[in-house]
Amino acid sequence: MSTGPQTGAAEFLAPTSPGVAGNRFLGSLYARNIRAVFARGLKATWGTNWSIMISGFVEPVLYLLAMGIGLGALIGTVTGPGGEQISYAAYIAPALLAVSAMNGAVYDSTMNVFFKLNYARLYEGMLATSLGPLDVALGEILLALLRGAMYATGFTAVMAAMGLVTSPTALLMIPAAVVVAFGFASFGMAITSYMKTFQQLDWVSFVMLPMFLFSATFYPLSVYPQAVQWLIQALPLWHGVEMLRQISAGAFSLATAGHLLYFVVMIAIGLMVTTRRLEALFQK
Amino acid sequence: MPQITTSKTSAVSGFQGPVIAASNLTKSYGDFTAVDGISFAVPAGEAFGLLGPNGAGKSTTMKMIGGVSRRTSGELAIMGLDPNTNGPEVRAHLGVVPQQDNLDEELRVRDNLLAYGRYFGLPKSYLQPKADELLEFAQLTDKAKARVDDLSGGMKRRLTIARSLINDPRILLLDEPTTGLDPQARHILWDRLFRLKEAGVTLILTTHYMDEAEQLCDRLIVVDKGTIMAEGSPAALIRTHSSREVVELRFGSERNTTVAAELDGIGERLETLPDRVLIYANDGEAALEAVSARGLRPITSLVRRSSLEDVFLRLTGRSLVD
Numbered sequence: 001m002s003t004g005p006q007t008g009a010a011e012f013l014a015p016t017s018p019g020v021a022g023n024r025f026l027g028s029l030y031a032r033n034i035r036a037v038f039a040r041g042l043k044a045t046w047g048t049n050w051s052i053m054i055s056g057f058v059e060p061v062l063y064l065l066a067m068g069i070g071l072g073a074l075i076g077t078v079t080g081p082g083g084e085q086i087s088y089a090a091y092i093a094p095a096l097l098a099v100s101a102m103n104g105a106v107y108d109s110t111m112n113v114f115f116k117l118n119y120a121r122l123y124e125g126m127l128a129t130s131l132g133p134l135d136v137a138l139g140e141i142l143l144a145l146l147r148g149a150m151y152a153t154g155f156t157a158v159m160a161a162m163g164l165v166t167s168p169t170a171l172l173m174i175p176a177a178v179v180v181a182f183g184f185a186s187f188g189m190a191i192t193s194y195m196k197t198f199q200q201l202d203w204v205s206f207v208m209l210p211m212f213l214f215s216a217t218f219y220p221l222s223v224y225p226q227a228v229q230w231l232i233q234a235l236p237l238w239h240g241v242e243m244l245r246q247i248s249a250g251a252f253s254l255a256t257a258g259h260l261l262y263f264v265v266m267i268a269i270g271l272m273v274t275t276r277r278l279e280a281l282f283q284k
Numbered sequence: 285m286p287q288i289t290t291s292k293t294s295a296v297s298g299f300q301g302p303v304i305a306a307s308n309l310t311k312s313y314g315d316f317t318a319v320d321g322i323s324f325a326v327p328a329g330e331a332f333g334l335l336g337p338n339g340a341g342k343s344t345t346m347k348m349i350g351g352v353s354r355r356t357s358g359e360l361a362i363m364g365l366d367p368n369t370n371g372p373e374v375r376a377h378l379g380v381v382p383q384q385d386n387l388d389e390e391l392r393v394r395d396n397l398l399a400y401g402r403y404f405g406l407p408k409s410y411l412q413p414k415a416d417e418l419l420e421f422a423q424l425t426d427k428a429k430a431r432v433d434d435l436s437g438g439m440k441r442r443l444t445i446a447r448s449l450i451n452d453p454r455i456l457l458l459d460e461p462t463t464g465l466d467p468q469a470r471h472i473l474w475d476r477l478f479r480l481k482e483a484g485v486t487l488i489l490t491t492h493y494m495d496e497a498e499q500l501c502d503r504l505i506v507v508d509k510g511t512i513m514a515e516g517s518p519a520a521l522i523r524t525h526s527s528r529e530v531v532e533l534r535f536g537s538e539r540n541t542t543v544a545a546e547l548d549g550i551g552e553r554l555e556t557l558p559d560r561v562l563i564y565a566n567d568g569e570a571a572l573e574a575v576s577a578r579g580l581r582p583i584t585s586l587v588r589r590s591s592l593e594d595v596f597l598r599l600t601g602r603s604l605v606d
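Which chain is which? The protein sequence lines are A and B, in order.
At position 118 of the first sequence the residue is numbered 118 (the working numbering), and the sequence of numbers has no breaks.
At position 318 of the second sequence the residue is numbered 602 (the working numbering), and the sequence of numbers has no breaks.
Hints are not guaranteed to be accurate.
What the hints assert, rightly or not - The calculated PhoX-like cross-link candidates involving lysine-lysine, where the alpha carbons are at most 20 angstroms apart (straight line), are:
hint: 1; chain 1: B; residue 1: K408; chain 2: A; residue 2: K43
hint: 2; chain 1: B; residue 1: K440; chain 2: B; residue 2: K408
hint: 3; chain 1: B; residue 1: K427; chain 2: B; residue 2: K440
hint: 4; chain 1: B; residue 1: K440; chain 2: B; residue 2: K429
hint: 5; chain 1: A; residue 1: K43; chain 2: B; residue 2: K429
hint: 6; chain 1: A; residue 1: K284; chain 2: A; residue 2: K196
hint: 7; chain 1: B; residue 1: K427; chain 2: A; residue 2: K43
These are calculated hints, taken from the structure and not from any lab test.
Construct all of the structure, not just a fragment, from the sequences and the given hints.
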């Protein structure tokens with residue numbers, strides 16, 4: 001017996017010995033060790049996937065340039081969320097920020113998670129240790145959030161460079177975008193846990209593209225007939241778009257809180273389903 | 285060669301008795317019963333085997349012991365803990381080598397060990413020297429910075445075993461540890477497992493290779509269709525359920541069955557398989573001479589000692605490897 005393992009064993013056995021088992025928050029679901037999953041993800045991502053990282057960021061920026069500057073020259077000004085006249089670029093920029101957050105979160109929580117779940121069998125290995133399914137779910141979702149936050153910060157910087165950030169409160173768009181990313185990441189991981197083939201993943205892009213185009217991203221919701229409006233309002237991206245648009249204009253209202261609540265519920269459901277699914281897949 | 289270090293005290297303080305105790309352990313998936321009321325106990329430090337064909341319920345049993353599959357009924361205690369209610373605590377005491385490697389291919393070899401150790405909440409100060417020690421044990425020190433993808437099958441298996449030892453487990457679960465490896469890689473692996481056994485680690489392994497079971501196991505259970513067919517040391521099982529020697533005769537697939545009738549009375553027992561006829565006898569050479577005396581000329585003949593394969597054949601009427 002060397003001396004190293006003794007201290008190590010003591011440190012790791014203490015929180016898991018039967019006497020204190022009841023202290024584990026959420027029992028066997030959570031080991032308070034999200035950090036290990038997150039750290040592993042950082043290590044694995046570092047030095048790889050940079051092209052995908054950058055493309056996810058560049059896409060909305062290109063839309064902002066093409067639509068905002070190009071199309072914006074034809075359109076001129078539009079009515080913003082507070083009723084004031086704003087440039088078309090200022091109108092679509094927060095919407096594209098929401099899209100940017102969604103893209104980052106969805107890529108990580110669907111494609112990446114699917115691969116780790118079914119091919120790399122990473123979660124199987126993790127869940128054979130002291131980790132609980134909630135540690136794995138939250139650790140992986142946090143990685144998606146980090147990516148979402150990086151996209152959001154970059155995009156906000158581009159907005160600022162284009163003169164589209166007009167008040168300090170507009171900087172609240174960054175944490176708000178992270179909330180949007182959190183919603184999509186936890187929900188995306190929950191859905192991915194049910195997928196069995198790569199073909200089923202195509203359904204994700206099949207839903208994402210129309211949602212991007214039609215969620216009042218480029219024009220107001222009022223252009224649609226009532227029934228279509230209801231459909232759009234049921235989908236998450238519209239809430240993200242509206243929330244960020246209101247924050248960027250400083251036009252806060254009860255609606256802003258409503259949009260935020262939508263994401264809180266989405267996050268809660270996504271986390272719950274993901275945790276249960278991981279448990280059912282690997283610990284039943 | 286560094287010795288692998290393990291703690292001599294029980295991981296659960298004050299725990300005595302068998303490290304694994306199963307009684308009437310059952311696992312059903314709907315109508316299908318994968319494990320059907322098996323009972324066994326494993327004392328600390330033993331190398332205990334589950335021998336049986338694919339689908340016998342070995343892996344399901346391993347998953348229940350490993351705290352990743354909940355039993356349907358019966359009792360199971362790992363170091364005195366119920367894995368159904370104390371899953372994380374049970375898993376903290378175990379090392380798991382799954383049937384299929386699930387190494388982290390996005391991390392380098394040494395980082396695989398460090399990341400896995402962190403899943404157990406182990407501090408870096410412990411993990412750094414431990415990882416180096418385990419790499420040396422697994423004979424992978426010069427591969428520390430290699431990609432997992434670039435390792436051979438045998439190296440991946442050794443890395444998986446090294447990884448399973450990162451939390452200094454008292455019990456090591458090995459599910460088909462050498463399946464798919466070439467003979468040389470298997471022998472290297474067996475040697476590593478022997479060392480662990482000498483260091484006092486309890487080994488639980490499933491296999492469908494009888495030579496592996498004979499080499500490694502102090503005691504084993506023969507499992508078929510979710511039930512235990514026999515239990516004992518490899519030598520005792522062979523003594524009880526088979527003769528000392530076996531004559532294997534091949535007459536060509538067309539003739540095996542017809543010739544078998546003419547062999548009646550030679551040896552203690554006859555077993556006719558599609559590709560060969562087996563004569564169980566205490567003196568194989570004498571039995572073979574008796575075959576020649578009857579004017580029968582097999583294409584090939586072989587006299588060998590009885591193995592666990594014969595035990596399994598006797599108990600179930602089927603071969604282990606289909």
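Structure-based check of all given hints:
1. Taking the CA atoms of K408 of chain B and K43 of chain A, the gap is about 15 angstroms. The hint holds against a cut of 20 angstroms.
2. A threshold of 20 angstroms between alpha carbons decides the hint, and for K440 of chain B with K408 of chain B the separation of about 23 angstroms lies outside it, so the pair is violated.
3. Using a Cα cut-off of 20 angstroms, the hinted pair K427 of chain B and K440 of chain B holds, with the two alpha carbons roughly 11 angstroms apart.
4. Our distance criterion of 20 angstroms between C-alpha atoms is met by K440 of chain B and K429 of chain B, whose separation comes to about 14 angstroms.
5. Between K43 of chain A and K429 of chain B the alpha-carbon distance is near 14 angstroms, which keeps this suggested pair within the 20 angstroms criterion.
6. With a CA separation close to 18 angstroms, the supplied pair K284 of chain A and K196 of chain A stays within the 20 angstroms bound.
7. The hinted pair formed by K427 of chain B and K43 of chain A meets the criterion: a straight-line CA distance of about 18 angstroms does not exceed 20 angstroms.
Hint violations for this structure: number 2 only, all remaining hints satisfied.
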